[in-house]
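With full-length UniProt numbering applied, the sequence shown has no gaps in its numbers, which climb one by one up to 114 at the end.
Please note that a few of the clues may not be correct.
Lysine to aspartate or glutamate pairs mimicking EDC-like chemistry, simulated, CA-CA at most 20 Å apart [as the list claims (entries may be wrong)]: (1) Lys-82 - Glu-104; (2) Lys-84 - Glu-69; (3) Lys-82 - Glu-103; (4) Lys-84 - Glu-103; (5) Lys-84 - Glu-53.
Quick caveat, the hints were computed from the structure, so don't treat them as lab data. All values derive from a computational prediction rather than experimental measurement.
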Amino acid sequence: MTGNPNTDPSPDPNPDPNPDPHLAYHWFCPFYKTVGMLQNLVTFYDLARGAVEGAGAEDQRVTWATIREGLGDILYRLSAMKFKDPVKDGEQQILASYAQLQEEMVAAFRNLGD
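Kindly produce the complete structure, drawing on both the sequences and the hints.
This is the structure:
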């Protein structure tokens, strides 16, 4: 791109899509990975909301602090889903790890009140 950006709207025709090959997960996120991450995030939201709204007596009350304290590992793993590398790990392995995380999430919320 040359000259004034206001008069030359054409972007660089050959941008480097992956300047650092070690960070491939930043540049390429296939649809199955996006859907898997979103499913887990929505599942967590639904389970957390249900736990907070469904709490009965004051002594059994579930708050965000309770969830954060009891499910810290799950929260970390949810935020780390984006680091799965589709090139290195492959679709089946990524989807299997997301499904396992979802199962563990459901079990963790089930055991949260205990």
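Each hint tested on the structure:
1. Straight-line distance between C-alpha atoms of Lys-82 and Glu-104 comes to about 18 Å, which keeps the hinted pair within the 20 Å bound.
2. For a cut-off of 20 Å, the pair hint linking Lys-84 to Glu-69 is broken: about 25 Å separates their Cα positions.
3. Taking the CA atoms of Lys-82 and Glu-103, the gap is about 18 Å. The hint holds against a cut of 20 Å.
4. Restraint check for Lys-84 and Glu-103: the C-alpha separation of about 18 Å stays at or below 20 Å, so the hint holds.
5. A threshold of 20 Å between alpha carbons decides the hint, and for Lys-84 with Glu-53 the separation of about 33 Å lies outside it, so the pair is violated.
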